[in-house]
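**Student:** Protein sequences, first through last, are from chains A and B. Using the UniProt record's numbering, read the first sequence as starting at 1 and increasing by one per residue. Using the UniProt record's numbering, read the second sequence as starting at 1 and increasing by one per residue.
Just so you know, the hints here were simulated from the structure itself, not pulled from any lab data. Hints may contain errors.
With a Cα cut of at most 25 Å, we get these calculated DMTMM-like pairs of lysine to aspartate or glutamate [claimed, not checked]:
no., chain 1, residue 1, chain 2, residue 2
1, A, K386, B, D628
2, A, K307, A, D344
3, B, K36, B, D112
4, B, K703, A, E199
5, B, K368, A, E582
6, B, K703, A, E575
7, B, K349, A, D344
8, B, K443, B, D170
9, A, K574, B, E348
10, B, K333, A, D328
11, B, K368, A, E352
12, A, K66, A, E113
13, B, K127, B, D139
14, B, K349, A, E352
15, B, K349, A, E274
16, B, K707, A, E366
17, B, K349, A, E351
18, A, K343, B, D628
19, B, K333, A, E582
20, B, K707, A, E575
21, B, K349, A, E582
22, B, K440, B, E105
Counterexamples of contact, computed for chain B against chain A with all Cβ distances above 12 Å [unchecked claim]:
no., residue
23, N45
24, R92
25, K118
26, K217
A virtual CB, placed ideally from N, CA and C, is assigned to each residue, including glycine.
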Amino acid sequence: MEESGSVDSVESLCSSTTTRSDRSSGTKVSDTELRSKGRTFEKVYKDPGKGELPLLAEELVQDAAKEVTYICPFIGPARGSLTVTNYRLFFRCTDREPVFGLDLPLGVLSRVEKIGAATSRGDASYVLVCKDMRNLRFVHKEPEDSLKKSVFEVLMKFAFPVSNNLSLFAFEYKQVFPENGWRVYDPLAEYKRQGLPNESWRISKVNDHYELCDSYPAVLVVPVTIPDEELRRVSSFRAKGRIPVLSWIHPESQAAVVRSSQPMVGQNGRRSKEDEKLLQAIMDANAQSHKLFIFDSRPSVNAAANKMKGGGYESEDAYQNAELVFLDIHNIHVMRESLRKLKDVVYPNIEESHWLSNLESTHWLEHIKLILAGALRIADKVESGKTSVVVHCSDGWDRTAQLTSLALIMLDSHYRTIRGFQILVEKEWLSFGHRFQQRVGHGDRNHTDADRSPIFLQFIDCVWQMTRQFPAAFEFNENFLITILDHLYSCLFGTFLCNSEQQRLKEEVPKRTVSVWSFVNSQLEEFVNPLYVHYPSHVLFPTVGIRHLQLWVSYYIRWNPRMRPQEPVHQRYKELLAKRAELQKRVEELQREAANRTASSSSERAGSPTRSITPVQTFV
Amino acid sequence: MFSGKQTKATFKSYLPPLQTDSKKSPQLPIKKLEAKLLPGEIVVNEANFVKKCISTESCQDGLWGKLVCTNFKVSFIPHNSLPLQRFQCTHRLLGEHDISLACVEQVVTVNDVKGKQKILGSNQKLKFNPTELVLYCKDFRIIRFRFDEAGPESAKKVCLAIAHYSHPADPQLLFGFEYVGKRYHGSTDETVNGVDPGGGLQTPLFDCSSDWDREIKRTGASEWRVCTINQGYFISPSLPEFFVVPVSLADQDLKQYACCFYSQRIPLWCWNHSSGSALVRMSNISDPLQQRKVEQRISSAIIKSHPLRSDVFKSDLDKNLPNIQDIQTALLKLRQICVIEPFEESEEKWLSSLDSSRWMEYVRTFLKHAVDVVYMLESRHVSVILLEKEDRDLSCVISCLVQLMCDPHCRSLHGFQGLIQKEWVMAGHRFLDRCNHLKKSDKEESPVFLLFLDCVWQLWNQYPAAFEFTEVYLTVLGDSMWVPVFSTFLFNCPRQRAEHSRDFASSKSIHLGQDQALRFPSVWDWSQQFSLKDQTLFNNPLYVGKIATCVQNGTVKTFTHRRSKKNYSSTVRGLPSAMRNGSLGPNDTLTRRNSLMLRLRSDLSQVREQQETPSERFIRDWFSRPVDLQALLLPQLLPSHLSVWKLYFLRWVPEAQIPQGGPITAFHKLSLLTDEIETLQSQLRQYNGAGCTPNNPHTEHSKMYFKVTSTPHQSPAPPEYLSSSFPFSPMGNLCRPGILGTPLSKFLNGAKIWLSTETLANETI
């Protein structure tokens, strides 16, 4: 009975709006306070450990328990109190100095498991397996009254609302931010920025009601020469109706990046006149090249195997001017397994010997390398070969999204800005139907679901790799990327809910939830890379060798207490900026002063030679 | 005919070259090609119409020119010089295509028609006419010359000459002697030649007692004194003439104890912690009968010198650290995977190969050991004796690292140089043997100093703002070992330097005057090698050192680094940062490997037993506080937090280059900002000094390599020539041999090949 006990405590606390003085009394404005800028905590809850827990407006305490032991893998057991709300789990340790705690959104939980039977002492052990590379283990006395639910049973209910017919917290959360992040991406404006429509490409309304393809966006850009009627016929030849449509066009060469799903060739080598015509039209739209490159992101074996299931790849006979290239990127299952191995290697502790070999055995960096290498080949074909490309995998919503979005970041500096990157995610991932709900499994207890896979995480990792190689080319910092990943799981914002644009509209997600970009754009200073230099038409060609790829320690190893999150260069740069501003101010003051003096003195003693200045030798 | 034109991509050709190319080139109008010679340098042999390979995997592209062997270097003088790339810093002693003989590790001659290959040593015969010469260099370069059009005899002769002269039989045949003899002692009037090597240096060399006195004063080691009993090297052959000992030990005692120690090395004081604890290095006591007694006497003297009479902790380095052969083996393996193995083949197994080289492991072991010593000094307040059999290798590394971590002075440029002078040069690290300059004994060769530089780089990489110098500086310092001109790296100990220079002087009838020794320049006299402009590459724009309090009559602002309190938590609201990762400190005795289930079964009582060791607690405490860059620095020691020193190890590998990228692009932006600040400061000084408008803000010499040009406040894009290898260039410096006859398909696996030729043509390599 989760209501018991908790509700009244909340009510009693709702009135006590509190100061957060214990924290804000520090010398500097901390990041955490910056983070909380622009929102008010309407209530503060006193947990059983007498600690204060500021709650979000819509947050309700569901249960709390004293005398819970958190078995910390780093420092051993720590006793404290545990509180569960409809949004988060909060543990406050009371027997350690300094006091510390855990505060995590229930959305990051992938699985909650009770381990073993209760011991004679009545202790039960629970393991919380998280999506963000950690496992938490608690020991708690089972309630003596067998009818009463343990706090962990309450936790399980709220951790997996979808499985329990509850709604995700994002639908409760009503925070108002200065900016509405749902307006960040306007497809027409974005295509207009690219110079579309133009004489070769038009904007089609054929998918206005998601009838052509329910996982595609409403706005599609297609060659002028292909009428909607023919697009409909093409859709029956492409897996899930995901026809080849334009993603990006080169402002000068008019070479285009086009994405789609696999053609339904099947074992008998089916062909589609309309599909062939569409690809020909895509090639013709670019006068610079008489070739079209088709990048099939899969290993060729996998692509061939898909023929058994009706899919396959473009044959050379059917598409005469096209050249097909396989990019050897593995499927979602391989990636999931790789991340599982990585977690084994990095959490909780890193073995001191053979770290590099252990890392290699996870193949994580190898997969990152293949994805980046594929994107690099695409970007190179478009930029240097001035050739249009078609990118697809099987369904065109996982590897294809990774490849096109990374290639676009390499090609178009706009996507390296904070807002541009948001547009990129909205466009290539969300509007083109990356199945976030399935891949992440929001609020779903079925942790063994084979559809889960860290595809988006891999993409962010690849972006991070590029920011390491080009530290001045991105407007955003590492914090930005980590924040996006954290809210991929948190279910606080609606951005990453559902599987497609159509579903999000049906669920009225933009109306009923807050966008993560509202939050991000309301405190941009947190996410800006001070080293950023904007150079407009600069294409990045990262080096994809494993020598230059590194494990993203500040994400994957951040739970390790020996890990010190730091951005010393950025920090120092900000200090230098402040110093420059201060000096500039003083120089200007002196200049003004000097100008006044010269004006007055020249009137008095005209013609007296200005003495040359001997700088004071105080070497800095 | 090619003059001035920017040569485009040099590895365009994966296809066989056009026949005409190779036929035409030798018919160029013969220009007079002369090697630039230094004082004392003579040409030994030379060959014309030699082709230097430029591209990586194939030898099709090349430069035509003359190959010259002198008593100092292998010089290649091209007919058509490649247009000098704007960024290349010009070395004052070595030209763009020169390799000093001391840098040559192995001379390999090849006849690809006969399929023969021979590694040449000194005084050897060659039974075939070489078509190719491959020079493997100590700094990881691989340089290839082709003799297809050269006269077979002259080719053979020049190869033999290079092999012979790169294996000098005697230290006095090292070029430094001739050079210094001619340059600084050539003329009777000493002032004519002007430059006094080492003159005006701000770096203390610790070759006189005043330098030691200053160090004693600086560290507040009042109970320690300079000892002069080794003047003339009468007591110990490997100790310097001046060193520091406890006040309580009289010269007589020291003389008596000296004979008990290995090579009569009386224990040396290195440094004093502000708490009064001393860092001392000591060799093994050779006489087992005396061991206890002498050890006790020494320990009690050290205890007496401690203001709190604290105890002494002995740290046995031989037991805890890899030996010099291990280190050498590790470097050879590292070189194998970095430069010798074809890029793409080593790519797949890069991480595990790197692991099995054990280089990173050793770097970590040294850093970890240094941290343990720091803990004893810093937290236990005891003095530490570093114990090593000879006290000339491992203790150099550890004592330097300890001081770098504890003493911010050592992180300034001159402080760092003084540190090396004190703990390496004067303490008698056998540079001559460890560098194997004479190529006599491979057993003695070991890159201990390079390992040390790598450890410093790891610290630098974790706290870049704490050091006055850059990684370019560290790299160039490593390279300077192979320029056999500097007193710093030529000798095994100060006595050897004195003896050899006396012998050499008398054999050449050079009058030494008051100096008593040849005036070898110190490597710290950087103008020997680089122009002032190029030396600005050493200055770190991030350094917080003394800048911190430089704002004149304004508010004195200290730039103490606050630890970034970033906590990438998924909660939106604030929570004290300590509450974030749900963990307080390191205690990783729990084994990770076991499956989740296994770990979960381990019951509570077991977990409780895992106690943090005091040193772990010390480290954890330190990490939980904000970093003060002007105080103690501890490295993060998780294996995942150490990286490969890419600038040093991968700079020659074209495939590993990031064109227009790499950390240098951040450095560029930072330099501009720092330069702007400097300009403003100099303006302020001018205003304050004279009270009128400054005429030229840039009159003072800027400390930054990259400067703000016309439009401040608008950061220009980094120049296109920047790459992750900057300021080095892989072009022509890494030509792996043995690819002849490899099918084209093999190349096509290379990562670079994925880029179309158009891109390659645009790349400025």
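**Student:** Decide if the proposed pair is consistent with the structure: K703 of chain B and E575 of chain A, CA atoms, cutoff 25 Å inclusive.
**Tutor:** holds, 19 Å
**Student:** Just to be careful, I want the Cα atoms of K368 of chain B and E352 of chain A compared with a cutoff of 25 Å; is the pair within it?
**Tutor:** Holds, at roughly 12 Å.
**Student:** Holds or violated: K386 of chain A with D628 of chain B, Cα cutoff 25 Å?
**Tutor:** violated, 52 Å
**Student:** Grab the minimum beta-carbon distance between K118 of chain B and chain A and tell me whether it stays above 12 Å.
**Tutor:** holds, 32 Å
**Student:** Are the Cα atoms of K574 of chain A and E348 of chain B separated by 25 Å or less?
**Tutor:** violated, 39 Å
**Student:** Please work out if K443 of chain B and D170 of chain B have their alpha carbons no farther apart than 25 Å.
**Tutor:** The hint holds at about 18 Å.
**Student:** Determine whether the non-interface label on N45 of chain B survives the test: each CB of chain A must be over 12 Å from its CB.
**Tutor:** holds, 39 Å
**Student:** Is the Cα-Cα distance between K440 of chain B and E105 of chain B 25 Å or less?
**Tutor:** At roughly 12 Å apart (the allowed maximum being 25 Å), E105 of chain B and K440 of chain B satisfy the hint.
**Student:** Next pair to validate is K703 of chain B with E199 of chain A; report whether the Cα-Cα distance is within 25 Å.
**Tutor:** Answer violated: K703 of chain B to E199 of chain A is near 54 Å, above 25 Å.
**Student:** Can the restraint linking K343 of chain A and D628 of chain B be considered satisfied, given a maximum Cα separation of 25 Å?
**Tutor:** Answer violated: K343 of chain A to D628 of chain B is near 33 Å, above 25 Å.
**Student:** For the pair supplied as a hint, K333 of chain B and D328 of chain A, confirm whether the alpha-carbon distance does not exceed 25 Å.
**Tutor:** Given that 25 Å is the threshold and the Cα spacing comes to 31 Å, the pair is violated.
**Student:** Taken at face value, is the distance from the CA of E366 of chain A to the CA of K707 of chain B at most 25 Å?
**Tutor:** Since the Cα atoms of K707 of chain B and E366 of chain A sit roughly 39 Å apart, the hinted pair is violated (cutoff 25 Å).
The structure shown violates the earlier hints numbered 1, 2, 3, 4, 5, 9, 10, 13, 15, 16, 18, 19, 21.
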